[in-house]
Amino acid sequence: MAHFLFLLRHAKSDWGKNVATDFERPLSERGLRDAHKMANWLLQQTDLPTMIVSSPALRAYQTALIFAHALDIQPGDINFDKRIYAVSVGNILGIIRQFPETAKSVLLIGHNPGLDSLLQTLCKKAESRADGKLMTTAAVARVSVAGTWQRISSNSCELSLFSRPKELP
Numbered sequence: 342m343a344h345f346l347f348l349l350r351h352a353k354s355d356w357g358k359n360v361a362t363d364f365e366r367p368l369s370e371r372g373l374r375d376a377h378k379m380a381n382w383l384l385q386q387t388d389l390p391t392m393i394v395s396s397p398a399l400r401a402y403q404t405a406l407i408f409a410h411a412l413d414i415q416p417g418d419i420n421f422d423k424r425i426y427a428v429s430v431g432n433i434l435g436i437i438r439q440f441p442e443t444a445k446s447v448l449l450i451g452h453n454p455g456l457d458s459l460l461q462t463l464c465k466k467a468e469s470r471a472d473g474k475l476m477t478t479a480a481v482a483r484v485s486v487a488g489t490w491q492r493i494s495s496n497s498c499e500l501s502l503f504s505r506p507k508e509l510p
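The numbering of the sequence shown is this note's numbering, which starts it at 342 and goes up by one.
Honestly, I wouldn't trust all of these hints.
When the alpha-carbon atoms are kept at most 25 Å apart in a straight line, the in silico DMTMM-like pairs for lysine to aspartate or glutamate are as follows [said to hold, decoys possible]:
(1) K378 - E508
(2) K465 - D388
(3) K445 - D418
(4) K378 - E468
(5) K378 - D413
(6) K445 - D413
(7) K466 - E508
(8) K378 - E365
(9) K507 - D388
(10) K423 - D355
(11) K474 - E370
(12) K378 - D418
(13) K474 - E499
(14) K445 - D422
(15) K474 - E365
(16) K423 - D413
(17) K423 - E442
(18) K378 - D355
(19) K466 - E499
Derived DEER-like restraints, expressed as beta-carbon distance ranges [unchecked claim]:
(20) G417 - K378: 22 to 28 Å
(21) N496 - D363: 30 to 36 Å
(22) P416 - E365: 19 to 25 Å
(23) A361 - N496: 39 to 45 Å
(24) T387 - T362: 35 to 41 Å
(25) T489 - P367: 34 to 40 Å
These aren't lab readings, by the way, just hints derived from the structure by calculation.
C-beta: ideal position from N, C-alpha, C; glycine also.
Between the sequences and the hints, there should be enough to build the whole structure, so can you do that?
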């Protein structure tokens, strides 16, 4: 059975806000626009996510709610997992390997450099762009996963879709 892993880097955060920690930074105006733009774009694709697993950092949380609303994903199908915030590829893979097999398509929302590293680990075709970045803010990648979540590896994954807000009209 094939699965689909959508990777989404949170939308642009507001560095101008006076917050106590990085974890509390909200989305900027541009981030809000880009999140809605990418959620509407994703809605036009196939094999849409039915479940969201997200970092609970405020900017990722806000991004998750925008995508959940657009994709009609219910609050009970959103899991905010602290382990996604500033973790290694190995730890993110551990989280993915715990996804229920009944979840055919999952949207994972996180941060860089973790998402860049994860995508490049799983998919040989995932190369940084000329600007040196791959998962810019609000970028979406769909990874086709052959087999089970528990056995996800570079041998079972293929990059099947990728877009960034600046690449859309």
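Tested hints:
Distance hint between K378 and E508 is fulfilled; the C-alpha atoms sit about 11 Å from each other, no more than 25 Å. About 22 Å separates the Cα atoms of K465 and D388, which keeps this hinted pair within 25 Å; it holds. Proposed proximity of K445 and D418 is supported: the alpha carbons are some 13 Å apart, at most 25 Å. A hinted pair counts as satisfied when its Cα atoms are at most 25 Å apart, and K378 with E468 qualifies at roughly 23 Å.
Using a Cα cut-off of 25 Å, the hinted pair K378 and D413 holds, with the two alpha carbons roughly 16 Å apart. For the hint linking K445 to D413, the alpha-carbon distance of about 16 Å falls within 25 Å, and the restraint holds. A distance of roughly 18 Å separates the Cα atoms of K466 and E508; the hinted pair therefore holds under the 25 Å criterion. Taking the CA atoms of K378 and E365, the gap is about 23 Å. The hint holds against a cut of 25 Å.
A C-alpha spacing of about 23 Å is found between K507 and D388, which places the hinted pair at or below 25 Å, so the restraint holds. Taking the CA atoms of K423 and D355, the gap is about 21 Å. The hint holds against a cut of 25 Å. Distance check on the hinted pair: K474 and E370 sit about 22 Å apart at the alpha-carbon level, within 25 Å; holds. For the proposed pair K378 and D418, the alpha carbon gap of about 22 Å is at most 25 Å, so the pair holds.
A C-alpha spacing of about 19 Å is found between K474 and E499, which places the hinted pair at or below 25 Å, so the restraint holds. Between the alpha carbons of K445 and D422 the distance comes to roughly 19 Å, so the proposed pair stays at or under 25 Å and holds. Restraint check for K474 and E365: satisfied, since their Cα atoms lie roughly 24 Å apart, inside the 25 Å limit. Of the supplied pair hints, the one linking K423 and D413 holds, its CA atoms being roughly 23 Å apart against a limit of 25 Å.
The straight-line distance between the Cα atoms of K423 and E442 is roughly 22 Å, inside the 25 Å bound, and the hint therefore holds. For the proposed pair K378 and D355, the alpha carbon gap of about 18 Å is at most 25 Å, so the pair holds. Using a Cα cut-off of 25 Å, the hinted pair K466 and E499 holds, with the two alpha carbons roughly 8 Å apart. Distance hint for G417 and K378: a CB-CB separation of about 26 Å, consistent with the stated range 22 to 28 Å.
A C-beta distance of roughly 35 Å is found between N496 and D363, which places it inside the suggested range of 30 to 36 Å. Between P416 and E365 the beta carbons are some 21 Å apart, a value that agrees with the proposed interval 19 to 25 Å. For A361 paired with N496, a C-beta distance near 43 Å keeps the hint of 39 to 45 Å intact. Separation of T387 from T362 is about 38 Å and conforms to the stated range, judged on CB atoms against 35 to 41 Å.
As the Cβ distance of T489 to P367 is approximately 37 Å, the hint placing it in 34 to 40 Å holds.
In terms of the numbered hints stated before, the structure departs from none.
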